[in-house]
Every structure is written in C-alpha cells, then in structure tokens.
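Undergrad: Protein sequences appear in the order of chains Y and W. 1 is the number of the first residue of the first sequence in my numbering; add one for each residue after it. 425 is the number of the first residue of the second sequence in my numbering; add one for each residue after it.
Treat the hints loosely; a few may be bogus.
Below 30 angstroms or equal to it, Euclidean Cα-Cα: the simulated DSSO-like pairs (lysine-lysine) are [what the hints assert, rightly or not]:
1. Lys329/Y with Lys848/W
2. Lys761/W with Lys149/Y
3. Lys641/W with Lys38/Y
4. Lys525/W with Lys337/Y
5. Lys761/W with Lys91/Y
6. Lys424/Y with Lys720/W
7. Lys568/W with Lys385/Y
8. Lys433/W with Lys720/W
9. Lys46/Y with Lys31/Y
10. Lys470/W with Lys596/W
11. Lys641/W with Lys217/Y
12. Lys73/Y with Lys61/Y
13. Lys848/W with Lys86/Y
14. Lys97/Y with Lys809/W
15. Lys91/Y with Lys120/Y
16. Lys809/W with Lys337/Y
17. Lys809/W with Lys9/Y
18. Lys488/W with Lys470/W
19. Lys510/W with Lys424/Y
20. Lys515/W with Lys385/Y
21. Lys521/W with Lys149/Y
22. Lys596/W with Lys337/Y
23. Lys101/Y with Lys515/W
24. Lys433/W with Lys61/Y
25. Lys470/W with Lys641/W
26. Lys848/W with Lys279/Y
27. Lys97/Y with Lys525/W
28. Lys433/W with Lys385/Y
29. Lys455/W with Lys217/Y
30. Lys761/W with Lys120/Y
31. Lys385/Y with Lys521/W
32. Lys101/Y with Lys753/W
33. Lys761/W with Lys385/Y
34. Lys761/W with Lys426/W
Facing chain W, a subset of chain Y residues (Cβ under 8 angstroms, in silico) [claimed, not checked]:
35. Arg84
36. Lys91
37. Phe92
38. Val335
39. Glu339
40. Ser343
In short, the hints are calculated from the structure, not lab data. By construction, the Cβ of each residue, glycine as well, lies at the ideal position given by its N, Cα and C atoms.
Number of protein chains: 2
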Amino acid sequence: MKTIKYPAKSDWQDLILRPEREKESLLDTVKSVFNDIKISGDSALKLYTEKFDNVNLTQLKVSKEEIDDSTNKISMALQEAIVRAKNNIEKFHSSQKEHPKLIDIEPGVICWRESRPIEKVGLYIPGGTAPLFSTVLMLGIPAKLAGCKEIILCTPPDSEGDIHPAILFAAKTVGITEIYKVGGIQAIAALSLGTESIPAVYKIFGPGNQYVTAAKKYAQEFNISIDLPAGPSEVLIIADEQANPSFVAADLLSQAEHGTDSQVIFLTTDEAILEKTLKEIENQLKQLPRKEIAAKALDHSTAILFNSIDECIQFSNQYAPEHLILAIKDFVNYVNKIENAGSVFLGNYSCESAGDYASGTNHTLPTNGYARNYSGVSLDSFVKKITFQELTQEGIQNLGPTIELMAEAEELLGHKNAVSLRLK
Amino acid sequence: MKTIKYPAKSDWQDLILRPEREKESLLDTVKSVFNDIKISGDSALKLYTEKFDNVNLTQLKVSKEEIDDSTNKISMALQEAIVRAKNNIEKFHSSQKEHPKLIDIEPGVICWRESRPIEKVGLYIPGGTAPLFSTVLMLGIPAKLAGCKEIILCTPPDSEGDIHPAILFAAKTVGITEIYKVGGIQAIAALSLGTESIPAVYKIFGPGNQYVTAAKKYAQEFNISIDLPAGPSEVLIIADEQANPSFVAADLLSQAEHGTDSQVIFLTTDEAILEKTLKEIENQLKQLPRKEIAAKALDHSTAILFNSIDECIQFSNQYAPEHLILAIKDFVNYVNKIENAGSVFLGNYSCESAGDYASGTNHTLPTNGYARNYSGVSLDSFVKKITFQELTQEGIQNLGPTIELMAEAEELLGHKNAVSLRLK
Chain Y
1 MKTIKYPAKS DWQDLILRPE REKESLLDTV KSVFNDIKIS GDSALKLYTE KFDNVNLTQL
61 KVSKEEIDDS TNKISMALQE AIVRAKNNIE KFHSSQKEHP KLIDIEPGVI CWRESRPIEK
121 VGLYIPGGTA PLFSTVLMLG IPAKLAGCKE IILCTPPDSE GDIHPAILFA AKTVGITEIY
181 KVGGIQAIAA LSLGTESIPA VYKIFGPGNQ YVTAAKKYAQ EFNISIDLPA GPSEVLIIAD
241 EQANPSFVAA DLLSQAEHGT DSQVIFLTTD EAILEKTLKE IENQLKQLPR KEIAAKALDH
301 STAILFNSID ECIQFSNQYA PEHLILAIKD FVNYVNKIEN AGSVFLGNYS CESAGDYASG
361 TNHTLPTNGY ARNYSGVSLD SFVKKITFQE LTQEGIQNLG PTIELMAEAE ELLGHKNAVS
421 LRLK
Chain W
425 MKTIKYPAKS DWQDLILRPE REKESLLDTV KSVFNDIKIS GDSALKLYTE KFDNVNLTQL
485 KVSKEEIDDS TNKISMALQE AIVRAKNNIE KFHSSQKEHP KLIDIEPGVI CWRESRPIEK
545 VGLYIPGGTA PLFSTVLMLG IPAKLAGCKE IILCTPPDSE GDIHPAILFA AKTVGITEIY
605 KVGGIQAIAA LSLGTESIPA VYKIFGPGNQ YVTAAKKYAQ EFNISIDLPA GPSEVLIIAD
665 EQANPSFVAA DLLSQAEHGT DSQVIFLTTD EAILEKTLKE IENQLKQLPR KEIAAKALDH
725 STAILFNSID ECIQFSNQYA PEHLILAIKD FVNYVNKIEN AGSVFLGNYS CESAGDYASG
785 TNHTLPTNGY ARNYSGVSLD SFVKKITFQE LTQEGIQNLG PTIELMAEAE ELLGHKNAVS
845 LRLK
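Chain Y on its own, in the form it takes in the complex:
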C-alpha cells in the first residue's frame, strides 16, 4: 500500500485513478457466441457448457427436486442466516415503493406517475468455488417486490452438473423457480435472444467476469437494458483518531480479497492511526486464505494523510467510491457533505460486510467512479415509472392557448391543431 502525506490538491486527480484494466476487446468472441445461440439455441448452450464447464447436460433447467433438495444440503444455521438476511433486505427495499400522488397542476389538469414492474428480468450469478448466494438475494428480492412476472436465473453448473445448494436455497427462499444451468457469454446470449428452454428478458442484472461483462454490454444492441456498467470493486475509509486500526484494517482487507483489481483507499487525519492500521493490515493479511489476491489489490491501493476530515470528504467525493466507511466520531455532521458514493457505512461498527450480506441495503453498487452518475440497484431498477395525465374540457380550455403558442413557435402546427380542434 502506497502511503502519501498531505498531497497538494493538484495531485488529487492522479490519486483518484483506478487500476487500469486490460482493454482486450472480446467483442468478436461475444458476437460469435450470440450468433451460435441465435441459430442453434439450447443445443449450442449445451455444447458451450460441455466446453467450458466440463459437463454434458441433458436438461438445462434445474428441477423442482433439485431446488427442494437444497434444504438438506446446507446447515440449518446457514438456512436461518439466509432467511434473516432475506427479511432485512425485503424490509429495506419495501420502503422504496412509491405510491401514486395525484398532482393538481391547474384546474382540470391532473398528472401523476405509477410504477410498473419490468415484466421479464434475467439474473446472472457467477460460478466458481464460492457460491455467490448473497447476490441471489440482492437481485431476487427487489425483483419479486417489484412484481416482475418472469424472473430467470442463470448460473453455471459444476463439473457434476450441479448448482451449489446455497444458491438454490437462496433462490427458493426468494421464490425464484426458473433456474438454468448455464454461465458465461452463452447465458447472457440466451437471456437476450431466448432459446427453446430459456425465455428472453428485457433487463439483465448481475456480476461476472470479463466475458459476462462484455456480453452484457453487447446485449444492449438488442434493446436489453442492464443494471450497471462494470468495474473493479472498491472501498474508501475515512478514519479519525478514535478509529480502531484493527477494524479499519479488516474492512480494507475484506475489500482487497475480492479480486486483484480491487482497490482500497484509506484516508486519515491521524498519523498514529495510519501507522497502526498499516501494521494491522500486515498482520491480518497473513491469516487470510485469499492473501495473494488481497496483496495484489493492496499493491495499487493508497493510504493518505490529510489535515482535516473535511479534506478527506472532499477527496472522497472526487474519488466517488463504491463503498464509503466513515470511521469517525461525529459522522452525523458529514452525511450532508457526501456527494458521490454508492453506499455509506457510519461509525466504527458499520462494517462493509454488513451491507454486503444482511443489513438490508443492496450490494450491487456503482464502481469505477460511476457513483458520480449512477445509483446502486434498488427497487427502482426493476420498475418503470409511467406518467399519466387527465385533462378535462375545462383543463384544455385553460391550458390550450399556452400549448398552441409554444407549438406554433416550434413550427409544429400539427401539435397546435390537436389543441385548436379541442378548443372549438
């Protein structure tokens, strides 16, 4: 971890840079897979699954028995944890429901808006040894709350042709039953184009490797929308003299262990805390199973000493972190000053892991500086908001002349005529 003390403001622009990602274009690969899926559907999916996941599937869809069996394959304690997290996530996302408010604009002119679910959504859950069942909750719960009619979950099978039971149990807990054993570009292609067994959807959610990311980007050419542009995960922690170096180090490392391209930024006003935290990182790192990944992430990470918490907040706003932890005493005074961040954790006991799993907030958040212009996933991500208006005869009499004047000035006489006829 690089350490910098009191950098000049002119140097900040360099300090907020993210680690460069390889910009290898995968577009040709993606196009060719999409084309195969378009032409050969399920049979192409099975061929790709054999090639990349080393398993020959006869059936892509996870059976009801497999889903039900998941309960027997994970501990009761984990089941209870998943249910508890589900309840919290549901509670928080329920609070995001918007109820129509009729607005009386002028006599005879009423406008409002109403939310409608995106009818068909696809959720992608990556494979690998660690099953990301928490992401099933984070995407499935708001999809259900929104009322999406078709929720299609795709995730790659292991070499036995199985899906990890924690993923199936989380899906079952949420109420998702359409689960398909397919991953990679081919999964995104199936969700975009549809096959004999997998229905096409309107919006695709979920994390993935560079192939999945490239495929999600390409899916947009087919009028599909996606949750968020991709980028490496990151946390920025601001600590004052009362922070706990051991907690701060653990939070930095929990982000660093995500991937070698993760980035962690540590800002403090206290030199002793800085030194102690760096030492703690060194000690804790040794204990981590994923220490090699975390160490590489720390290589392009930075600790910076600043003169004031205000300066730390300014820097953070410029960096626009995915996760922001305020390990400071009077965090209450700084909430209003936060301009760009995905999700914010306040005080010494609000660790990022809480939001990653179980406190209720969503963990699908804008990375790579996108917190400047994107929100994280929420109930809003699964609905459209449609505006409605009702003008009575009185309403158009009132407002009509205004519309006529404006339409005429824009030289759209058809627009004007639609009003004039009604005023007659």
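Starting from the known structure of chain Y, arrange chain W on it as the hints suggest.
TA: Leaving out everything else, chain W in the frame of chain Y:
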C-alpha cells in the same frame, strides 16, 4: 396508413415492429471528431462549427447580454406561455422529490437512502429552423430542482452565429447561464472530454440526429451516462365508439409530423370510428405545413380493428408505446392494466401536445419499445440515490453471527473477520 381488421394473436409480433432505421455505422466519424476535440479543444470546435454551421465564431459561450436580449426578441405572449409551462413542469417534478425514511431493520441497525444531484450535467438542444425550447424546460427544470451544480447547455448556432431567442429565454427562465454555441458530434465530444471553455460533465441529456445519437452512445466509453437510448418517436391511440375522430386524427398527425421515421398506431373497437378517423387524417393532412414528413410516417403506420378494449390494451402492452392515448369512455378501468408505456393520456381532452409542452409531465420518453425497460426522464434522472447504514455495537452483536455465517459460506474470510473482530 395500413388498415388491419381483427388480426390473429400470432400476427401481433410482426405488427409491433418499428420501421427499420439505417444502421450505417458512424463510429469512425464519431471517434475521429472526439479525437480532434481531445487534441485541439476549442479551436477544433470552432473549425467544426465553421464547417457544419457555416459560421466563424470568436466566442463559443453565449454572453450575458445575448441571454438578456432574448426577452426583447420574442413576444410577450410566448414569454408568458414559457413561464406558465415552466411553473407546471416544476410543480410536477417537485412532487418526485424523495425524502429520507429511516428504516429500523433490527435493534441497532438503521438504513436509509438519500438523493444527491449529479454534479455536472450536459443538455443538448438540436438546432434547425424550429427552436426546441420546450426541451430546454423539460431537461433544465429537473436539473435545477435536483440541485445539479453545473448545467451546461450546448446548441448549434445559426449562420449568423446566433441562438434562437426562445431557447435563450427558456434557459434564462429556468436559470441556466452556461450556454455554448456548438452542435453535432463535436458538442457531445466537448461535454464528454471538456475543452478550454466547455467543462466536461458526468451525464448527457437531449435529443439529436443520428450523429448526436451515435456520439452519445460513444460518450459512454468515457464513463459518461446518458438519458435514454434513442429511437423514432411514436404514439398509440386506443379509441372506442365515443371517441372524436377529428381529435384522434389530429393526435395521430401531431406525432407523424415529427419525422419520416415516426410511427403512429391506431387501435379501435368501432369500425365507424375507424373509417371516420382515416377520412379525417386525409383532410387534416392537407393543411399541415409538414405534410410531406407526416405522409411518409403514415406509410409505415397502422390502424387496427379489435374486438375489445382489453385486446387493444394487450396489444399496446406488447407494442410498448412512447405515448399512449386512451380516447375511451371508461379509461379509469384500464389504468391498472397498462404495463408498458412512456406517458399516458386519458380521455378525449388529454392530447399529446399537452404533455409535450405544458401540463407538467416530461416529454423525454422511451421510444422504440424501450418503454418495456426504461422510464422517461424525471427528477430521478438527475440524482443518484445513496444508501446509508449505521450499526451500533448492539447492532453488530445482533446481526454479526448471520454475516459471519454467510461470508464463510461464500469463502470470503476477510469479510467474516471484519465482523469477528467487532464481536470480540
């Protein structure tokens, strides 16, 4: 206008197709302009403006005098109309403000979310003979309400180097003062990369021709977000026996006059209304200054007779129109059945022109079937929603074991450790 009676459901998929747009790739052109702007900034902007707008500018920024002078150059009646529309749009968009709700998740765990403005936004207003000042209101008002700090407006100058006074007056009315005389790809490049005089922004809004559209798409490579993907404008009208054929025809034509690639769809359950409306279209078309454009749009537009209003609504949901007009008696009973639409107009007196200009709703809406997965522009488009959480020591004691179990099951021991240290 093609007329179809009682189509089979199996034919619907063909009937909802939009007119094909030329898919000429403008990417090379766009890249080369972006590159010129990156290297030469303002001087490249001036060269492009000379080439495409036929005017040699010394200053790109519209002066305070020019903005102030706009008041003298448009009629008092138009000024009043713009101010009235502004008040209505402001009233409606103000109602979209979200106030933080603290959610008690568990003892010691509180979560909420707060909106923050996107700090820097760019608004693009196309040029041409007709000044689209209404779009200045539709984008500028929510940007101001959201609290965006920098609102940069770009619009191409005429051959005298001037901006239409109605655009300047609308901007002034909204409170926008950063206005630049630049259009086309070069404007989007300037907003994306920044130049000596034009600041770079985080999100770009506004309509435009195929060049502007291609440039907005490319801007996303620079981590810029955009309002909506582009497509031709469209309206779908559903009418029953009590509808007024003259009103319906005028509404269809007001959409058709937008552009040759516009599409209008007319659904009715009443054959007499169908015939009368087609006749009315013929008559009214002759009177329109933009009759040639409208006639071409009608060439790829369709009128369909259905058996029931329910069937019309089903078809409309499948089509997912940008604008939907329900010229039916008991529209109240059908509001809940509308699943996909950008903006909905209820009853015989709610013409689309009202929403285009002055009733308060936004006119920047999802086209081309994007109403299935996108909302129109609203206050939400100019903010990010940031989640916050505060866990007390009690909170982490409560929830900690759940988080530990889940993190361990995902094999993220660093995540678990961040909790375990706090439980000690």
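Undergrad: State for each hint whether it applies.
TA: A quick look at each hint next to the structure:
{"no.": "1", "hint": "Lys329/Y with Lys848/W", "result": "21 angstroms, holds"}
{"no.": "2", "hint": "Lys761/W with Lys149/Y", "result": "14 angstroms, holds"}
{"no.": "3", "hint": "Lys641/W with Lys38/Y", "result": "25 angstroms, holds"}
{"no.": "4", "hint": "Lys525/W with Lys337/Y", "result": "18 angstroms, holds"}
{"no.": "5", "hint": "Lys761/W with Lys91/Y", "result": "27 angstroms, holds"}
{"no.": "6", "hint": "Lys424/Y with Lys720/W", "result": "29 angstroms, holds"}
{"no.": "7", "hint": "Lys568/W with Lys385/Y", "result": "21 angstroms, holds"}
{"no.": "8", "hint": "Lys433/W with Lys720/W", "result": "27 angstroms, holds"}
{"no.": "9", "hint": "Lys46/Y with Lys31/Y", "result": "18 angstroms, holds"}
{"no.": "10", "hint": "Lys470/W with Lys596/W", "result": "25 angstroms, holds"}
{"no.": "11", "hint": "Lys641/W with Lys217/Y", "result": "12 angstroms, holds"}
{"no.": "12", "hint": "Lys73/Y with Lys61/Y", "result": "19 angstroms, holds"}
{"no.": "13", "hint": "Lys848/W with Lys86/Y", "result": "26 angstroms, holds"}
{"no.": "14", "hint": "Lys97/Y with Lys809/W", "result": "14 angstroms, holds"}
{"no.": "15", "hint": "Lys91/Y with Lys120/Y", "result": "23 angstroms, holds"}
{"no.": "16", "hint": "Lys809/W with Lys337/Y", "result": "14 angstroms, holds"}
{"no.": "17", "hint": "Lys809/W with Lys9/Y", "result": "27 angstroms, holds"}
{"no.": "18", "hint": "Lys488/W with Lys470/W", "result": "20 angstroms, holds"}
{"no.": "19", "hint": "Lys510/W with Lys424/Y", "result": "26 angstroms, holds"}
{"no.": "20", "hint": "Lys515/W with Lys385/Y", "result": "17 angstroms, holds"}
{"no.": "21", "hint": "Lys521/W with Lys149/Y", "result": "28 angstroms, holds"}
{"no.": "22", "hint": "Lys596/W with Lys337/Y", "result": "29 angstroms, holds"}
{"no.": "23", "hint": "Lys101/Y with Lys515/W", "result": "12 angstroms, holds"}
{"no.": "24", "hint": "Lys433/W with Lys61/Y", "result": "28 angstroms, holds"}
{"no.": "25", "hint": "Lys470/W with Lys641/W", "result": "23 angstroms, holds"}
{"no.": "26", "hint": "Lys848/W with Lys279/Y", "result": "20 angstroms, holds"}
{"no.": "27", "hint": "Lys97/Y with Lys525/W", "result": "12 angstroms, holds"}
{"no.": "28", "hint": "Lys433/W with Lys385/Y", "result": "27 angstroms, holds"}
{"no.": "29", "hint": "Lys455/W with Lys217/Y", "result": "19 angstroms, holds"}
{"no.": "30", "hint": "Lys761/W with Lys120/Y", "result": "16 angstroms, holds"}
{"no.": "31", "hint": "Lys385/Y with Lys521/W", "result": "14 angstroms, holds"}
{"no.": "32", "hint": "Lys101/Y with Lys753/W", "result": "23 angstroms, holds"}
{"no.": "33", "hint": "Lys761/W with Lys385/Y", "result": "14 angstroms, holds"}
{"no.": "34", "hint": "Lys761/W with Lys426/W", "result": "27 angstroms, holds"}
{"no.": "35", "hint": "Arg84", "result": "5 angstroms, holds"}
{"no.": "36", "hint": "Lys91", "result": "6 angstroms, holds"}
{"no.": "37", "hint": "Phe92", "result": "5 angstroms, holds"}
{"no.": "38", "hint": "Val335", "result": "7 angstroms, holds"}
{"no.": "39", "hint": "Glu339", "result": "6 angstroms, holds"}
{"no.": "40", "hint": "Ser343", "result": "4 angstroms, holds"}
Against the hints set out earlier in the document, no violation occurs for any number.
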